[in-house]
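As a plain string of letters, each chain reads:
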Amino acid sequence: MTEPQIARRFAPGDAVAVRMDTVRDPVGGHYRTPHYIRGKRGVVSQALGSYPNPELKAYGGDGLPRQPLYRVLFDQSDLWGSRYTGPAGDRLEIEIYDHWLEPA
Amino acid sequence: MTEEQKSQKGVHDIGGEPSEQAIDRSEHRLSDWELKTDVLMKLMQEKRHIVVDENRRMIESLPKDMYEGLVYYERWAESIERLLIEKGMLTRAEIEAKVTELDARYEPEHP
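First to last, the protein sequences are chains A and B. Residues in the first sequence are numbered from 376 upward in steps of one, following my numbering. Residues in the second sequence are numbered from 31 upward in steps of one, following my numbering.
What the hints contain is simulated information worked out from the structure, not anything from laboratory work. Keep in mind it's a predicted model, so treat the numbers as computed, not measured.
Within a straight-line C-alpha distance of at most 25 angstroms, the following computed BS3-like cross-link-like pairs (lysine-lysine) qualify:
| id | chain 1 | residue 1 | chain 2 | residue 2 |
| --- | --- | --- | --- | --- |
| 1 | B | Lys128 | B | Lys72 |
| 2 | A | Lys432 | B | Lys77 |
| 3 | B | Lys72 | A | Lys432 |
| 4 | B | Lys117 | B | Lys77 |
| 5 | B | Lys117 | A | Lys432 |
| 6 | A | Lys432 | B | Lys39 |
Computed Cβ-Cβ distance ranges for the label pairs, DEER-style:
| id | chain 1 | residue 1 | chain 2 | residue 2 | range |
| --- | --- | --- | --- | --- | --- |
| 7 | B | Tyr97 | A | Pro379 | 30 to 38 angstroms |
| 8 | A | Pro462 | B | Arg55 | 21 to 29 angstroms |
| 9 | B | Arg59 | A | Gly456 | 36 to 44 angstroms |
| 10 | B | Met119 | A | Glu470 | 29 to 37 angstroms |
The C-beta atom is built at its ideal place from N, Cα and C for all residues, glycine as well.
Starting from the given sequences, assemble the full structure and let the hints guide the process.
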């Protein structure tokens with residue numbers, strides 16, 4: 376039997392923004408999206424398939440429906456502002472689940 | 031970011047925070063207790079008592095002072111204990127009693 380999964384919303388090249396929080400946040404504890412990336416805009420580089428949601432599995436759930444996972448690119452200078460002193464074109468690539476993203 | 035959102039930030043979520051402290055990149059040979067703690071977690075996963083995401087959630091929920099005061103596998107050991115209690119598989123009293131018993135007969139192999 377195929378496990379239920381959320382339809383993939385984004386494709387490589389799509390502009391996305393990371394949510395500040397999700398409906399799970401009030402529970403606290405476990406999340407897979409670090410704070411330094413929240414509210415930032417990036418570009419999807421790769422769709423990695425769908426996986427049981429680890430933020431639900433962390434509380435004993437089965438993590439279903441499966442959440443699409445993406446690799447997303449962010450400009451380092453967008454993340455760190457004036458604190459960033461590395462090469463101008465340097466980017467961060469990070470894996471983010473679908474429910475943390477919105478179209479940008 | 032509002033104060034409320036900052037307060038939800040986990041103790042582990044320190045990416046991007048300024049620090050004067052240099053990162054310690056040195057490796058060390060794992061002690062027996064560290065290897066055993068790793069094996070214990072592997073067994074718990076194999077027997078489907080604990081999933082890795084629960085371990086992460088419990089470690090990230092430890093009080094800040096405790097989290098920062100413990101080394102890597104001490105956090106795992108603390109987390110395993112708390113998860114087994116949460117799941118009703120062991121009680122705090124049972125664990126304490128066993129620790130007392132083991133302490134009494136413990137003889138270091140390499141004093």
